[in-house]
Amino acid sequence: MIIVGVFTLFLLLGFPFAFVVLMTATLGILFYSGTSIQIVIQQLYSGLNNYILLAIPFFIMSGSIAARGDTSNHLIRVMRIFFGRIHGGSLIASILACTFFASISGSSIATIIAIGTIMIPKLIEEHYPERMAIGTVTACGTIGILIPPSAPMVALCVTLGTSVSAQFLSGFVPGILVAIAWSLYAYIASKRLKLEKPAKVPFREMVSIIYKAIPALLFPLVILGGIYGGITTPTEASAIAVVYVVFVEIFVYKTATLSKIYESLSKGLVTCATLVFIIACANVFSWLVNTQQLPVMLNAFITSNVASKEAFLILLLFIFIALGFFMDVFSLIIIMSPLLKPTLLAYDIDLIHYGLLCVLLSEIDMTTPPFGLGLFVSMGLTKKGLWEIAWGTVPYTLILIVITLLIAFVPQIALWLPHTLM
Amino acid sequence: MIGLTIRILNKTETLLMVFFLSLLCLLIFVEIIMRTFFQTGLPWLEEFGRYVLVLSTFLGASIAIKRDDHPRMSAFLQALPAKPRRVAMVVAEFVLGCFLLVLSYYAGIQVLNLIRIGTRASTLPFPLWLTYAVLPVSIFVMGIRCFISVRNNVRALRGNSPGKKENDS
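Residue numbers (the numbering used here), protein chains in the order written: chain A, 1 to 422; chain B, 1 to 169.
All clues stand as given, with none of them false.
One side of the interface only, derived from the structure: several residues of chain B facing chain A at Cβ under 10 Å: (1) E31; (2) G49; (3) S56; (4) D69; (5) Y106; (6) T131; (7) Y132.
Computed beta-carbon distance windows for the label pairs: (8) B:R120 with A:G230: 32 to 42 Å; (9) A:T117 with B:I2: 33 to 43 Å; (10) A:P198 with B:F38: 49 to 59 Å; (11) B:V102 with A:H419: 43 to 53 Å; (12) A:S304 with B:F38: 53 to 63 Å; (13) A:L421 with B:T12: 41 to 51 Å.
Derived from the structure by calculation, the hints contain no laboratory data.
Where a beta carbon is used, it is the ideal one built from N, C-alpha and C, also for glycine.
Could you put together the complete structure from these sequences and hints?
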């Protein structure tokens, strides 16, 4: 109880999450466990001493290089060939470009930057309402973490001890489902706008656009083919992704220079380090709660008070969505997941299913104001206000919430592919 | 002079982080090629990779304090008027700074213990304490950065907004 009180106090005072966890855990260890604070240092270190975790910085590296290079531009041009001429075609092309870029990048931030930088001005130029243009790319860019590879998925797998390959596979079907639902909405919403369609692309030009985009289109094959072809582990695939994207950007598209790459890396890696650092701090916390038997106590408390698996899931989703308005919910998920693990197993909830729900939740969290990482990224890109952008994302976020609920009750949507292939 | 030293330190942190991760990327790529085509590998690579992660995460977390990049819940603070908010920030950062300095002391002790015991890395030719050494250093730097931010906030409270130099650190 005291631990929870201290935790909340630190949180409200505006301490960064990582340090809230670290300080609470240290105080807990000092007062309850009777061991030296030395254990904090050892657990911080051992939380990071993990080869699988390396995939997180690497997938973020590949994403941030590709976001500022020419890869995203080529993807968008291909998508526009196929969807440009239907109602809301440019919106749909943006959504699908986000979806495809998600299979290059492990982060939503990189996806929003990659597609948003190019598409938001273009959509506004084509007379789409500003709010709709920005909202679409902001909301749909969040798909970056749902479609594998995904940095948050790796983080969750490490904290829960599940298989990264299986977790990656679980994102495919829901990701495609979400992209289709969003595209349908974009189609219906823009039918009323009666916008002029872009000019038809001649066949010759079409072939040349697709030809130029081949290195970008091959990306998923390089990453996912390596993992599921049994050639590489996810960590190695992430390293290959970085080498491949640097090669393509420097030697094929010839847009990147080493200094440009260094700049995007130093930005992306700091953000990434904050995520990995939370994992390290959560490791200290989970050492404390495990030695104090807290997960078992929590399990007994929840199972005696919550009647069914469905009620538990609804409660969990509700709490996380509500908290998502005020904080970065994924950090909280990383901290809470080891604590919840016995309860999840007691309710017979597949950890991969839970992991996917968590990823969907943190996607929703990115567009819920006043604290939404995706909104902040778009604010930086467009110099528009937070609430204006947030309004534009509402329809897409609602669709995402409906799909999350659907997947919560029909786990097969997420689990079918990993169960069939693994 | 101090400003220059701080700037060099900042640049070195970022450089080390990017350099080691990029180097590791290349090594992993080379290892896959060696494994696939020449049936040989780099047995020390996995251990090296883990140490690089420890190093780069602590460097990155320390830079993130300077850039205020660590995710936090600011909703409650933002609801406060400007002055109490700044006071709360000063208190929070001061507490955090003290905590980090104490923690860096314990991290230092951990390194000294490892030097005393003389444990060596299992596949790499150096002592294990070297991989722990980044902890006391970067936790200490994080603490100092908190105090610098406290100083800036206190100055702002007194009425004169912080100059450009302070923002550098």
